[in-house]
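> The task is simple: from the sequences and hints, build the whole structure.
For the sequence shown, our numbering assigns the number 13 to the initial residue and increments by one for each residue that follows.
These are computed hints drawn from the structure, not numbers from a lab. The structure presented is a predicted model; accordingly, all values stated were derived computationally and were not measured. From the three backbone atoms N, C-alpha and C, an ideal C-beta is built for every residue, glycine too. Just so you know, not all the hints are guaranteed correct.
[What the hints assert, rightly or not] Here are the in silico distance ranges between beta carbons for each label pair:
#, residue 1, residue 2, range
1, His540, Ala26, 46 to 56 angstroms
2, Thr584, Ser369, 45 to 55 angstroms
3, Gln406, Thr76, 48 to 58 angstroms
4, Thr428, Gln23, 23 to 33 angstroms
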Amino acid sequence: MNPIPSSTTLQQAADALDQLAHAALARGSAGLSPVSMARAWTDWALNLAVSPGTQARLFTEAQTLGLDWLSGSLRAAWPTLFTADAAAPAPHSAAHDARFADPAWSAWPWNAMATANLACERWWQSASALRGMEPHAREQLLFLTQQGLNMVSPSNALLSNPQALRKAADTHGQSLVTGLGHAVDAWRERHGLPPLRPGAETLAPGQGLATTPGQVVMRNDLVELIRYQPATAQVLAEPVLIIPSCIMKYYILDLSPHNSMVRWLVAQGHTVYIVSWRNPDENDALLTLDDYVRLGVLDALAQVQADTQQPVHLAGYCLGGTFTAIAAAALAHQEAATDAPAALASLTLMAAETDFSEPGEMGVLIDAAQVAMLESMTAEQGFLTGRQMAGSFQLLHSRELVWQERTRSVLLGEPTFSNDLMAWNADVTRLPAVMHSQYLRSMYLGNDLALGRYSLDGQLVSLHDISVPVFVVGTVKDHVSPWRSVFKIHRLVDTDVTFVLTNGGHNAGIVSEPGHAGRHYQIHTTAHGQHRPHPDDWAHSAPRREGSWWEAWSGWLQTHSAAEPVAAQPLTETAWGAAPGQYVMLRHGD
Numbered sequence: 013m014n015p016i017p018s019s020t021t022l023q024q025a026a027d028a029l030d031q032l033a034h035a036a037l038a039r040g041s042a043g044l045s046p047v048s049m050a051r052a053w054t055d056w057a058l059n060l061a062v063s064p065g066t067q068a069r070l071f072t073e074a075q076t077l078g079l080d081w082l083s084g085s086l087r088a089a090w091p092t093l094f095t096a097d098a099a100a101p102a103p104h105s106a107a108h109d110a111r112f113a114d115p116a117w118s119a120w121p122w123n124a125m126a127t128a129n130l131a132c133e134r135w136w137q138s139a140s141a142l143r144g145m146e147p148h149a150r151e152q153l154l155f156l157t158q159q160g161l162n163m164v165s166p167s168n169a170l171l172s173n174p175q176a177l178r179k180a181a182d183t184h185g186q187s188l189v190t191g192l193g194h195a196v197d198a199w200r201e202r203h204g205l206p207p208l209r210p211g212a213e214t215l216a217p218g219q220g221l222a223t224t225p226g227q228v229v230m231r232n233d234l235v236e237l238i239r240y241q242p243a244t245a246q247v248l249a250e251p252v253l254i255i256p257s258c259i260m261k262y263y264i265l266d267l268s269p270h271n272s273m274v275r276w277l278v279a280q281g282h283t284v285y286i287v288s289w290r291n292p293d294e295n296d297a298l299l300t301l302d303d304y305v306r307l308g309v310l311d312a313l314a315q316v317q318a319d320t321q322q323p324v325h326l327a328g329y330c331l332g333g334t335f336t337a338i339a340a341a342a343l344a345h346q347e348a349a350t351d352a353p354a355a356l357a358s359l360t361l362m363a364a365e366t367d368f369s370e371p372g373e374m375g376v377l378i379d380a381a382q383v384a385m386l387e388s389m390t391a392e393q394g395f396l397t398g399r400q401m402a403g404s405f406q407l408l409h410s411r412e413l414v415w416q417e418r419t420r421s422v423l424l425g426e427p428t429f430s431n432d433l434m435a436w437n438a439d440v441t442r443l444p445a446v447m448h449s450q451y452l453r454s455m456y457l458g459n460d461l462a463l464g465r466y467s468l469d470g471q472l473v474s475l476h477d478i479s480v481p482v483f484v485v486g487t488v489k490d491h492v493s494p495w496r497s498v499f500k501i502h503r504l505v506d507t508d509v510t511f512v513l514t515n516g517g518h519n520a521g522i523v524s525e526p527g528h529a530g531r532h533y534q535i536h537t538t539a540h541g542q543h544r545p546h547p548d549d550w551a552h553s554a555p556r557r558e559g560s561w562w563e564a565w566s567g568w569l570q571t572h573s574a575a576e577p578v579a580a581q582p583l584t585e586t587a588w589g590a591a592p593g594q595y596v597m598l599r600h601g602d
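This is the structure in structure tokens:
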């Protein structure tokens with residue numbers, strides 16, 4: 013007689029089956045949890061069902077929008093019939109929307125198609141604002157309906173896009189042939205195949221990108237540490253160590269020579285180091301968040317200190333900034349307990365969150381059900397692929413990043429525009445399964461770092477322990493790290509905080525080289541002990557400056573460095589080779 017399985021064995025078997033089922037669901041739902049999405053729809057439907065007044069309001073709004081649309085469509089179709097009717101409302105224009113900016117969209121029937129799509133958007137924005145709905149459910153509902161409306165936009169189909177039809181006629185169909193070639197190449201790229209029509213110029217690390225001279229001076233299982241060749245005879249005594257995000261290749265900060273942050277810093281007399289993360293594979297599934305802080309930040313910092321015998325200006329970008337904040341707090345606690353000399357001269361956080369209570373647009377994709385599904389998916393693979401990660405960002409802005417791009421490339425047959433930022437953006441990276449799960453649960457779901465509940469190697473970390481001056485950069489159009497969320501660092505540290513708010517987004521706002529037209533920023537320092545401002549009050553009162561925030565940062569670093577510069581130490585060849593190193597070259601076919 014077979015023994016009855018223990019409850020532990022049954023639980024393990026059930027968990028394994030659930031994991032397989034969730035992973036299969038994830039593959040068929042673009043990684044979105046059906047449970048999370050159904051919960052949002054249910055919240056909306058139940059609140060609507062018990063709200064007869066809201067039902068009447070939405071019915072009336074639908075009638076009004078429908079009649080306005082019909083009136084505008086008739087006026088566009090037969091304008092001569094309405095010339096004598098001065099009281100008739102002017103037809104609605106869709107020209108403010110980039111999808112319908114071409115003059116051809118102002119004529120019937122194209123105008124009717126475009127305005128119908130926009131009218132549905134307006135109605136759904138009103139329909140989702142139901143009293144009693146959970147805020148997260150409301151955000152998810154808007155997100156889901158917007159995805160559907162983006163998908164059925166008339167600009168996405170050849171027969172309903174007058175601009176594409178006109179170009180096809182003007183080119184005798186050549187634009188469609190070219191567009192088909194672009195579609196085939198995009199498919200081949202998604203499946204790891206080379207394009208049939210390669211571009212004339214290939215941008216890659218060492219080929220137009222990441223060309224600032226330097227040497228790899230340290231390598232461990234997770235990172236390479238690059239030191240750059242000094243460009244001035246004298247340098248500031250304290251070096252700068254930059255920790256980029258591990259969800260991106262480091263050369264976002266060393267793009268083309270004209271907009272390379274590290275090249276510019278070196279030219280200003282700074283000794284610059286940067287971390288290059290290794291792109292993980294299935295053998296790295298068990299790497300933890302602590303491993304990333306220890307191997308990626310603390311080991312690199314120890315090497316920089318050993319090289320220079322000076323306190324370090326530590327800087328982190330995006331998730332790398334979260335890592336550096338954790339490391340800085342842990343070091344501050346350790347130094348206070350042991351009376352050890354300070355390892356840091358300052359801390360800089362660029363578009364980096366330390367309080368995740370208001371994560372902005374990313375929050376719509378993150379809740380307990382969603383995280384559980386992602387954990388099942390990554391457990392099966394051992395990692396979150398770069399394309400899966402990029403897909404999440406594309407979903408948040410699918411109109412611009414997916415549909416408008418496909419319209420331009422496939423329907424209009426326009427050449428695939430490639431610049432250094434786009435080439436870098438396509439060079440995707442992975443995240444290990446355990447680290448990814450810990451990050452989502454500890455930061456987004458638990459907000460453990462801001463609440464003092466996060467521990468590094470078993471020791472609780474408190475950002476309040478940080479005593480070195482802090483320089484923080486937020487960007488106005490950041491959908492990854494909203495600037496008001498980044499601004500919360502003011503209430504988490506007990507030291508001087510210099511905050512910069514620059515125009516641009518998460519990437520373009522940081523890569524903001526001097527001389528770039530249209531750049532401006534606001535800057536203000538809140539000293540230790542001063543009242544911590546509200547972000548809106550800060551934005552109203554902080555002075556505005558024209559130009560690049562890099563110049564303000566370099567001056568701030570100089571202010572917090574030793575008064576006398578030191579002789580620059582030229583680099584010699586190392587056993588690990590020259591920049592950009594080996595880890596940045598590691599790519600996977602996903």
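> Indicate, hint by hint, whether the structure satisfies it.
Hint by hint, here is what the structure shows:
1. His540 to Ala26: 46 to 56 angstroms: 54 angstroms, holds
2. Thr584 to Ser369: 45 to 55 angstroms: At roughly 48 angstroms between Cβ atoms, Ser369 and Thr584 fall inside 45 to 55 angstroms, so the hint holds.
3. Gln406 to Thr76: 48 to 58 angstroms: 34 angstroms, violated
4. Thr428 to Gln23: 23 to 33 angstroms: This hint is violated: roughly 50 angstroms between Cβ atoms.
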